[in-house]
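Chemist: Given the coordinates of chain A, work out where chain B should sit on it, guided by the hints.
Chains as they are written, first to last, in the working numbering: chain A, 1287 to 1524; chain B, 125 to 527.
Take these hints with a grain of salt, some might be off.
[Unchecked claim] In silico DSS-like cross-links for lysine-lysine, where the CA-CA straight-line distance does not exceed 25 Å:
#1 A/1414 with B/361
#2 A/1418 with B/127
#3 A/1506 with A/1488
[Unchecked claim] Now the in silico label distances, taken between C-beta atoms and shown as ranges:
#4 B/125 with A/1415: 14 to 24 Å
#5 B/493 with A/1436: 48 to 58 Å
#6 A/1503 with B/400: 16 to 26 Å
Keep in mind the hints are simulated off the structure, nothing from the lab.
Here a beta-carbon is modelled for each residue, glycine too, at the ideal position from N, C-alpha and C.
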Amino acid sequence: MAIHNAAVLHGMVVMNVVRVENLHKEYQLGQQQVQALRNISLTVRAGEFLAIAGPSGSGKSTLLNIIGCIDTPSSGRLWIDDEDVSGRSPDQLADLRARSIGFIFQTFNLLPVLSAAENVEYPLRHFKELDKAARRARVTHYLEVVGLASFAHHRPNQLSGGQRQRVAIARALATQPRMVLADEPTANLDHKTGEGILALMKEINRGAGTTFIFSTHDPKVIALADRVVEISDGELLV
Amino acid sequence: MLKFALRNLFRHKSRTALSLAAVVFGVVRVILSGGFIEDVFFQLRENTIHSRLGHLQIYSAGYYEFGRREPFGHMIEQPAQQMAALEKQPHVAAVMQRLQFSGLLNNGRRGEAPVLAEGVEPDKEARLGSAVTLIAGRGLRNDDEFGVLIGEGVARALRLKPGDNTTLLVTTPEGAFNTLDFEVVGVFRTMSQEYDARAVRVSLPAAQDLLGIDTVHSLVVLLDDTDYTDAVLAALKTRLPSGFEVKPWYELAEFYQNAVALYRRQFAVLQIIVVVLVLLSVANSVNMVVHERTGEYGTLRALGDRRGDVFRLIVIENALLGLAGGVTGVVLGSGLALAISSVGIAMPPPPGMNGGYLAEIRVVPAVLAAAFALGVVATVLAALRPAWRATRAPISEALQQNI
Chain A
1287 MAIHNAAVLH
1297 GMVVMNVVRV
1307 ENLHKEYQLG
1317 QQQVQALRNI
1327 SLTVRAGEFL
1337 AIAGPSGSGK
1347 STLLNIIGCI
1357 DTPSSGRLWI
1367 DDEDVSGRSP
1377 DQLADLRARS
1387 IGFIFQTFNL
1397 LPVLSAAENV
1407 EYPLRHFKEL
1417 DKAARRARVT
1427 HYLEVVGLAS
1437 FAHHRPNQLS
1447 GGQRQRVAIA
1457 RALATQPRMV
1467 LADEPTANLD
1477 HKTGEGILAL
1487 MKEINRGAGT
1497 TFIFSTHDPK
1507 VIALADRVVE
1517 ISDGELLV
Chain B
125 MLKFALRNLF
135 RHKSRTALSL
145 AAVVFGVVRV
155 ILSGGFIEDV
165 FFQLRENTIH
175 SRLGHLQIYS
185 AGYYEFGRRE
195 PFGHMIEQPA
205 QQMAALEKQP
215 HVAAVMQRLQ
225 FSGLLNNGRR
235 GEAPVLAEGV
245 EPDKEARLGS
255 AVTLIAGRGL
265 RNDDEFGVLI
275 GEGVARALRL
285 KPGDNTTLLV
295 TTPEGAFNTL
305 DFEVVGVFRT
315 MSQEYDARAV
325 RVSLPAAQDL
335 LGIDTVHSLV
345 VLLDDTDYTD
355 AVLAALKTRL
365 PSGFEVKPWY
375 ELAEFYQNAV
385 ALYRRQFAVL
395 QIIVVVLVLL
405 SVANSVNMVV
415 HERTGEYGTL
425 RALGDRRGDV
435 FRLIVIENAL
445 LGLAGGVTGV
455 VLGSGLALAI
465 SSVGIAMPPP
475 PGMNGGYLAE
485 IRVVPAVLAA
495 AFALGVVATV
505 LAALRPAWRA
515 TRAPISEALQ
525 QNI
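One chain only, chain A, in its complex shape (with noise of 0.2 Å):
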């Protein structure tokens, strides 16, 4: 076992950030059962940079869903830092995605009232811990690490597609996740913006270790993935 790949939490050297075992998710469309994964198993280690490939429909976003706590497997087993998290209740859920879950989503999904300081600040107010000045700290260094210091007080309808997804990336790093999670980062924006987001995120792992997951369907993007895992009709292709 690479020891490079291994993180330290609670004194104890972590190893998986996600592992997930013999995953099934149905579901029911119309009158149709559709299979949308089928006996998935994986591990994730800290520090990758993991692009989950396959077709659209082939069940990438839901086992990414799933990985994320916001969709739960008909059956099967995740862990998140080792933690079985099988039958958490939805506020433990929530809590566990507030603190080791960073999200970045392929419409951007920024908070449209609220300007790119604020959007970065926002999943922070789960951290009592911080004080005001922690947090400001914390929204500055992650708004000059995805470059936008300047438009700290831009609200997102004055951004470009590729500036507000920088914010998002800002937002999903500020609460210092045990994981990023882009579900087709780039589809809403054009190749060349799309490759620098995607560099972007790949110097952020390489320069602060975090974990990144991400699905996409683009050979470019998948090219730069570090590990790619193929997934075709809910199975994944060894």
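Modeler: Below, chain B without anything else, positioned relative to chain A:
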């Protein structure tokens, strides 16, 4: 949280305006319909008081109960003495003496009709009788020694008009017959057809002369405001010497009591319909707005907000909306009510009454408070169900609404 909620409201201007409009119109509707209903009661009450009853009536003890059987058995002796004491009471605008008797009115052409006559103090009665309409001639005056004012029905039955001479035949308390000639000075109309068909009024001295007495049946008290009725009633009850009884207008107005009981029930049904309509339209727009923002709530929850956080946000936003709508509605509703009242709504004569009237829309604090409360409560209530649904929806599904 409050700032965030406020900003959300201000950002979605068209949605907020839509919900706000639903609340405002609801509040206005309640104020206008409630104010109109209050006016119906107000008009009925003031008409009842100002056509004949006055606010309070004072009798010699026993008259109210036995007066019908022994018309002259319970008289007020030396009325002037009592009047002087009464006129000193606060809020008393006038005190007037009345003497009632029945008789036969003859038109001098072989026509006669039984009448209920009243000996009154004409100038004071003119102040009381704002709901009495003169339809011919003029009112009775203090110096009309032998003038008679007759009800519309009496004039029609005996074909009398101002200037005609009549004879009033009565039986005196001693049992003798007596007559006196009067000249018709005017024809009046009150809100009661039944009364107008039999009533005539002469001056008190003429009536006392005709009956050969110097006492009266009742002292009628006019107040400067109907709202003080109970206060003055209580004061009089303690201050009047024994041997007197005092009755407020509402105990004397059986018709008023029955009408109010019926109207209250009828209007309550209408008000319930209005309230339900308001609830439905507010619920509809709140529901729509929450539904449209499902994706945003999904984002908040993905970022770690608990269900309760999002639920609270939705409720706070709608409470603010309800408050704003309530305040706007109260201002707008009061303004509209005043504007409509300044023009007035022409009403046909109520059943059993003679004249139509101009209805107003009263601005009553209780109605305003109820309308405001309805606006706030309806909006918050309307938000509960969609808020519950928004916070129970699977986050992954909610997020798909963003696409």
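Chemist: It remains to establish, for every hint, whether it holds in the given structure.
Modeler: Outcome of the hint check:
1. A/1414 with B/361: The given pair, whose Cα atoms are some 68 Å apart, is violated under the 25 Å limit.
2. A/1418 with B/127: Given pair residue 1418 of chain A, residue 127 of chain B holds - Cα atoms ~16 Å apart, limit 25 Å.
3. A/1506 with A/1488: 14 Å, holds
4. B/125 with A/1415: 14 to 24 Å: 19 Å, holds
5. B/493 with A/1436: 48 to 58 Å: 52 Å, holds
6. A/1503 with B/400: 16 to 26 Å: 52 Å, violated
Against the hints set out earlier in the document, violations occur for numbers 1 and 6.
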